[in-house]
Amino acid sequence: MPAIDLAKAPQPASTNPAQIRNFCIIAHIDHGKSTLADRMLGITEVVEQRNMRAQYLDRMDIERERGITIKSQAVRLPWRSGIDGQEYILNMIDTPGHVDFTYEVSRSLAACEGAVLLVDCAQGIEAQTLANLYLAMENNLTIIPVLNKIDLPAAQPEKFAEELAKLIGCQPEDCLRVSGKTGEGVTELLDQIVKQIPAPVGDANAPARALIFDSVYDTYRGVVTYVRVVDGHLSTRDQIQMFSTGVRHEMLEVGVISPEPVVSKGLGVGEVGYVITGVKDVRQSRVGDTITTYHNPTTKALAGYKDPKPMVFSGLFPLDGAEYPMLREALDKLQLNDAALVYEPETSAALGFGFRCGFLGLLHMEIVRERLEREAGLSLISTAPSVVYRVVKGDGKELIVTNPSEFPNDKIEAVFEPIVRATVLAPAEFIGAIMELCQERRGTLLGMDYLSEDRVEIRYTLPLAEIVFDFFDQLKSKTRGYASLDYEPIGEAEGDLVKVDILLQSEGVDAFSAIVHKDKAYAYGVMMTTKLRELIPRQQFEVPIQAAIGSRIIARESIRAIRKDVLAKCYGGDISRKRKLLEKQKEGKKRMKMVGRVEVPQEAFIAALTTDADVDKAKAKAKG
Amino acid sequence: MSRPLTFYIHIPYCLKRCGYCDFNTYTPGELKAGSDIAEVSTGYIDLLIAESKIAKGKLQASKPIETIFFGGGTPTLMEPADLGRVLDSLKSDFGFATNIEITIEANPDTVSKEKLAALRGVGINRISFGMQSAATHVLAVLDRTHNPENVIKATNWAREVGFEQVSVDLIYGTPGETIEDWRATIKSALALPITHISAYALIVEDGTKLAAQVKRGEIVIPDDDQTADKYLIADEEFSKAGFNWYELSNWAKAGGECRHNIAYWQGDNWWGLGPGAHSHIDGVRFWNVKHPTTYKKLLESNDSPVLDSETLVAEQIESERIMLAIRLPSGISKASLSGESLARIESYVTAGQLSAQSWEAGVVSLTRSGRLMADRIVREILL
Chain A
0 MPAIDLAKAP
10 QPASTNPAQI
20 RNFCIIAHID
30 HGKSTLADRM
40 LGITEVVEQR
50 NMRAQYLDRM
60 DIERERGITI
70 KSQAVRLPWR
80 SGIDGQEYIL
90 NMIDTPGHVD
100 FTYEVSRSLA
110 ACEGAVLLVD
120 CAQGIEAQTL
130 ANLYLAMENN
140 LTIIPVLNKI
150 DLPAAQPEKF
160 AEELAKLIGC
170 QPEDCLRVSG
180 KTGEGVTELL
190 DQIVKQIPAP
200 VGDANAPARA
210 LIFDSVYDTY
220 RGVVTYVRVV
230 DGHLSTRDQI
240 QMFSTGVRHE
250 MLEVGVISPE
260 PVVSKGLGVG
270 EVGYVITGVK
280 DVRQSRVGDT
290 ITTYHNPTTK
300 ALAGYKDPKP
310 MVFSGLFPLD
320 GAEYPMLREA
330 LDKLQLNDAA
340 LVYEPETSAA
350 LGFGFRCGFL
360 GLLHMEIVRE
370 RLEREAGLSL
380 ISTAPSVVYR
390 VVKGDGKELI
400 VTNPSEFPND
410 KIEAVFEPIV
420 RATVLAPAEF
430 IGAIMELCQE
440 RRGTLLGMDY
450 LSEDRVEIRY
460 TLPLAEIVFD
470 FFDQLKSKTR
480 GYASLDYEPI
490 GEAEGDLVKV
500 DILLQSEGVD
510 AFSAIVHKDK
520 AYAYGVMMTT
530 KLRELIPRQQ
540 FEVPIQAAIG
550 SRIIARESIR
560 AIRKDVLAKC
570 YGGDISRKRK
580 LLEKQKEGKK
590 RMKMVGRVEV
600 PQEAFIAALT
610 TDADVDKAKA
620 KAKG
Chain B
0 MSRPLTFYIH
10 IPYCLKRCGY
20 CDFNTYTPGE
30 LKAGSDIAEV
40 STGYIDLLIA
50 ESKIAKGKLQ
60 ASKPIETIFF
70 GGGTPTLMEP
80 ADLGRVLDSL
90 KSDFGFATNI
100 EITIEANPDT
110 VSKEKLAALR
120 GVGINRISFG
130 MQSAATHVLA
140 VLDRTHNPEN
150 VIKATNWARE
160 VGFEQVSVDL
170 IYGTPGETIE
180 DWRATIKSAL
190 ALPITHISAY
200 ALIVEDGTKL
210 AAQVKRGEIV
220 IPDDDQTADK
230 YLIADEEFSK
240 AGFNWYELSN
250 WAKAGGECRH
260 NIAYWQGDNW
270 WGLGPGAHSH
280 IDGVRFWNVK
290 HPTTYKKLLE
300 SNDSPVLDSE
310 TLVAEQIESE
320 RIMLAIRLPS
330 GISKASLSGE
340 SLARIESYVT
350 AGQLSAQSWE
360 AGVVSLTRSG
370 RLMADRIVRE
380 ILL
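Residue numbers (numbering that gives the first Met the number 0), protein chains in the order written: chain A, 0 to 623; chain B, 0 to 382.
Chain B extracted, bound-state conformation (with noise of 0.2 Å):
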């Protein structure tokens, strides 16, 4: 066991669900538990303590962990002495890295001043906003309720409760988004006091409220060439204003890199805690039965939560390895590819969607527009 050792924690719950979300997550009225979060916090965690027990029965001589990320759902809405609990435990049972990053992922509706300093209290030292856009319209397309000025005090609260790392989520490419929409969400995410951005293309999932609208022919979809055109912008303005991206939809200040993130994409050992969640253990990939109550009757009888695994084969770990590589400024090694793959791909250099200079000195990389023609490229290299 050398990998570094991470885990993520999911809390399944939320207030209301969001009509793009496929996320695995309830609201107390789904899971007819009563209609109070805060009772749920308590016990839930408890669970999480206790799925953790395995965690660390398997393993053995780990390092200490180097990074923890609660995610959601809506991790706020538990209390912040319950996140306490579950930190102290995994504190006690691995050990801590000196630098640790233990993130939360926040809705800027649900916080006060007083829950962030409660959350910074338990040991939490960055935290990441779900702002989506700055423009209300946009807002309720994605079936968002907050105010966009509770993100702007949301951040400052955050920075004067001492949290170093501040991050906010934007979403581009919504229904009825204008590039002007997009322009001043850029505006407004680069005026709060924020150390990271991470910025994702809406994808429309099978399920969701939204893809049923857009199947009645409600809401239409934008065109996927202005999409392009925002990732342009969002890239280009990121830069002028110091945040340079280090994953395809992530930008940071110098040292603002989320190194929980980083773990994924360098294929680290992760520990996925809660229903739903997935790990990662020395090329072995499992994960838990989805829902809560099933999540729960399995521990509280002593049994896995596990629902299915799957043992990586060389072909699929180097898949995996090429799929996330490519979104990373540090691309492939040429050397790591064989030649077919890399005259099938050699077209994108001359395109300009690979950077030449890198491909003189043996990397595949992306450039700025090739960025948004990673997937295609990564089928390139592997067929």
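The following block holds chain A by itself, in its conformation from the complex (with noise of 0.2 Å):
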């Protein structure tokens, strides 16, 4: 029986260093991760069978729902190795999985000294997984390739086992076989974590220095911190302090995931555990950043930390106006817990009263926007997402701009905007597809590499803004599901980009303007202006829609006078059903925005801001 006790187990604080291995498992979204991190828990019996749940880590609705990781988790696994016979302790550091997160997933392993390399054997490796897998590299750390699913009738093992040793360099009969469903190859996994995962090595006696490699907002305990003790001790007795800000905090708690918080005297050198300060907000207890105590602080700090920078900007706005205040509130709740978000009140004259909101990128986005109404009860309307330019003016002036409404109108001498470079890991049948995408999408090709004989990395620099702009929807599409993708900011590059304005009766619409690539201004233009002509009811005049650059218009439509808006009959019955809708009717008109003297109905709004992708999503919801 190779579980221990936990009673019985090395004890937090007081374990040897050479008894602890530190791993995390780098898995693309389905492959799997949170059904094999469930069976460990089970086979090391840190869980009784009875209290197991499925996907027992992931504690958001949302993560469990979507099946991705959105914060870390640590847990401490006793395990006695079948090898040896002697007893461990495994932490197992759950990171995130998608591309918006890499630096926190950089952190993460940062705090491991191993991670196991999962991949489903009928599917093969991700873009994502593979960036992940190089950032591992990076870190030096071991990659245990692991091979999952094996239990699935499209299973190909021996295939993607090839390909897992051609990226890291190992035999194909080095990855190991496991079924996180079955829990066949687990045990066996255990032992080769134990085995080929270095221990933590750190100087006991140093001043403490600890990662930290997470950062969650609790309502009831406050800030809860994930830290790796890289060298020294931290005690309940300790004051520590945040090195990248020298500020002192008391220690009220220090302890240890296992996987419920179990208390405990301290965290000793190579140990995993968490720590609470009483700190209200996770913009004090950054991810990254070293802890070290008051009164023996170290002068070193550990290496990587960063202020995440946000690459994607948004404008959020309540559907219904009087919910503003409950906007605001809802944004800095949700910014206890995510120190990545950054918002500032915009106003916007068809939208009334927001906030423009910056994101790590579009994933992040999506899911703030959920957590917004969902956990606040919010209807809200975005504005189309928007990366950050810098305008060079006529006279020389440089200009930051997250929001089309504020690009200049005046002489602009150059437009930068950031780039990237783009992984797409794919079938070999769908090259052609996918480079004709990029193409379009502005990119210029890297290189390309087949992973195996029929799977090819394709490597581009794309404009960001082109990724923003439903790229990756068009990427699945294109390749009926089968691509992955991957960015990483590379800089910026300077573009020839316009701002294209929208005009109803002449009148612009500040949540309708884009910046956009010059050769495709015109088919914006076109696009909007064709769907707001279908959108946007007949009024008592005729409704011109342009779009224009400047003072040029590339595209127009019109909205044709109405001529008919009568119900013919009106007797007995009808008489209070048809002032029954007049008052109804009434009620529609105050939810209208008036753009100058055109009445647009608030669904026109969010009708001509949602992407025919952004449907199908909200379809494909419904229905599930």
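For the record, the hints were derived by calculation from the structure and aren't laboratory data. There may be inaccurate statements among the hints.
With a Cα cut of at most 20 Å, we get these calculated EDC-like pairs of lysine to aspartate or glutamate [unchecked claim]:
id, chain 1, residue 1, chain 2, residue 2
1, A, K579, B, E359
2, A, K588, B, D180
3, A, K568, B, D87
Facing chain A, from chain B, some residues (calculated, C-beta under 8 Å) [claimed, not checked]:
id, residue
4, I202
5, D205
6, S248
7, G271
8, R326
9, L327
10, S346
11, R370
12, A373
13, D374
14, V377
15, L382
The model shown is predicted, which means the values in this text are computed figures rather than measured ones. Even for Gly, the Cβ is constructed at its ideal location relative to N, Cα and C.
Got two chains here, separate frames each, mind docking them using the hints?
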């Protein structure tokens, strides 16, 4: 029986580093990480059978529903090796799996000595997994390649073992084969983690240095900070200090997660656990920062700390203007748990009062919006996402633009936009379609490699703005869902960019302005004017809809004046029915937004700001 | 109780339901009460009389009845003698004004000259035929079975047996109806011996067979602009033939206006007898339970068949006044509207949808094209 009774297992703060193994699992969204983690919790008996539930470690509803990990977790698993019979402590650090959270991933990786590379052997490795694998290799982590889901009929372990071997530089037979579902191979995997991954090394007598790899706000306890102790020791008696800010905090509680929080006396070298200091905002306990003690502080921070920088901006507006204070409150609350989220008030002539929000990427944006709607019960409308532009004006002055409505109308010398290096992994049959898409999106081919006979890795540089605009949806649809995408920012480049304004009766509608490449301005103008012609009801007068670059009109449509707005019949029973309809229409009229003299129903704004892909997603969600 | 009193009498039976109809009506099959409507007639009329006794209890000291209107459903499915019984009862309870107008709606397919004579014989003096269209393909879309020839026969019989006022109902804007079809319908209608025409743009009501066909894409609703054109054509042709508009969808020769309908639009008192019927008595609206069986049960156990009621507050009375008055040539006095309301609708004068001449004279009154915008103008006034 390789599991160890928890009470008899080595205790936190007094565990010899040689007995510790810190590892994470790198896997794509649905490659079975959570199921494997569940299985490990079961086999090591830290969770009793009767308390087990699926995706035990995913705490947020959204995580469970989408099958993704947004916040990481660290679980302490006692294990007796089947190879040498010795007792060990395995710390499994769960990492976020998405490109938007690359920085958080990198900090999680920095807290480990090894990584389990988990790949679904019916699907092969995906782009984001590959990116995280490279990150792990850069961090000098020991990689244990594991093929999951060997129980599936479509499993091709030989094929994907070759692929993994090529990527890591090992032999195909070094790849372990497991099934998270049946548990097959999981015991052996735990033993291999002990055998292959090095024990942590640190100086127990040096001033304390602990790496923050995650920071989570808890309503009852304030911020719970997850740390990996590198040197020295943290104990409840200490006052701790954040290296980046020098701010001192009381230590209220130290403990480990196993997998529920267990209070301990402290944490020693190589150990992974949590600290609670009573701070109420994750920005005071930032991922990547170094914790030391106030009385014996270190002079050397652990490497890698940086402030997360928002890459994508969008305006969020409450559908009901009266909900603006609630939106502010909800954002404030969310920020307690999301150091990467930034926002400031924004007023739109068309949409009223709202906030301009900055996100790490599209998924981050979606998650924030979904949490605001779900947890605060708000109905929101969001403007098309925008990236950060650097605009050099004719007079040499520079301007950072995150909102198309701030794009200057006077003479512009140059506009710079963020550029990313994108990696697409896909079956070779889709090379043509992928290259066509990337080309269309102003991409430059960097290179292409075959991972195996029929799978390729294609690398492009692309403007981030192109990715932000439904690139992923297009990629998925052009490759029947087989392609995966990862990208990282690599700087900025000058672009031939213009602002397209949309005018209703010569009146600009700020929410519809967009910064687009010159060659795509016409297409955007036609798309928006056509869409609005369908969406805006006919008015008493003819309404011209125009798309313009500066004062130059590039597309136009018009909504004919309405001629008939009457119900023909009006007798006895119709009268109260008609009056009630009138009362309802009066309410509807209150929700109309006025653009000049034109009445635009809110639904038209929502529909105009929604891409077809959004509509499909909403439909899929409704079905699911 | 000083307002004029009128009665609406609902006959909730049809032999077959038309595809566009969302009225409270039932076919014998739907009621599972045997297939013979004649069997239903006597018992149903007894219920109407029972309800009229409730009305009598509530309407003490009322004036004599000005108008009565048998609507449906298909009122001509009832035995004329039974209709006569309810009229007799009302006459003895309330009294009839000397010039009382008693209307019945009729399906040109289900009347004979004898039947019409019998209806006239019990005191009914106005008849309104559901003609709808002269184009058979349009009638087919509407699910109407009648042969356009029957309309000619029926209206002539009606005149022959002594109906003073004869009206036809027309529907325009039916899927598949061309402008030419509509012109032909107008021409046929104007050739009839009639004194009154109602013409309605087709409304696709939720829950009808037609709505389902539209939803499935089997039928395409014609463009609103074409329907607007049809209204303008109708108004022009009717006027030329001596039929003047006296309400948005109603035209009559001098003296041929339907006084019962005018009572609705003036906010008079009316009592609706029958399941689902609506009443308006001195600022209170109430309406009966919809299903004939429920209606029957309630009356048989001496309960009120009223389902619900609302007492109109000043704002609602004002909304209704504007909503109804704008549909009439007399329009709305500007003095009765706020300055803000008038400012909001002034652009409709410029656009030629409110009569400039009336506006100068202090009246908000719709022009021919303005009538098509009545609801919009009402919203502008009220918001």
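Hint by hint, here is what the structure shows:
1. Restraint check for K579 (chain A) and E359 (chain B): not satisfied, since their Cα atoms lie roughly 32 Å apart, outside the 20 Å limit.
2. At roughly 37 Å between alpha-carbon atoms, K588 (chain A) and D180 (chain B) are farther apart than 20 Å, so this suggested pair is violated.
3. Taking the CA atoms of K568 (chain A) and D87 (chain B), the gap is near 31 Å; set against the 20 Å cutoff, the hint is violated.
4. With its C-beta approaching chain A no nearer than about 7 Å, I202 (chain B) sits inside the 8 Å limit, and its interface hint holds.
5. The restraint placing D205 (chain B) at the interface with chain A is violated, with a minimum CB-CB distance near 12 Å, outside the 8 Å limit.
6. Because the beta carbon of S248 (chain B) sits about 5 Å from the nearest beta carbon in chain A, less than 8 Å, this interface hint is met.
7. With a cut of 8 Å, the hint placing G271 (chain B) at the interface with chain A holds, because the nearest CB-to-CB distance is about 6 Å.
8. At about 6 Å, the closest approach between the beta carbon of R326 (chain B) and any beta carbon in chain A falls short of 8 Å, and the interface hint on this residue holds.
9. Contact between L327 (chain B) and chain A, as hinted, is not supported at the beta carbon level, the nearest pair being about 11 Å apart and thus beyond 8 Å.
10. Hint status for S346 (chain B) relative to chain A: holds, with the closest Cβ pair at about 7 Å, below 8 Å.
11. Hint status for R370 (chain B): holds, given a least beta-carbon distance of 7 Å to chain A, under 8 Å.
12. Nearest Cβ of chain A to the Cβ of A373 (chain B): about 4 Å, under the 8 Å cut. The hint holds.
13. The beta carbon of D374 (chain B) comes within 5 Å of a beta carbon in chain A, closer than 8 Å, and the hint placing it at the interface holds.
14. Against a cut-off of 8 Å between C-beta atoms, the interface hint on V377 (chain B) holds, since the closest Cβ of chain A lies about 7 Å away.
15. This hint holds: L382 (chain B) has a C-beta 5 Å from the nearest C-beta of chain A, less than the 8 Å allowed.
In summary, the numbered hints that this structure violates are 1, 2, 3, 5 and 9.
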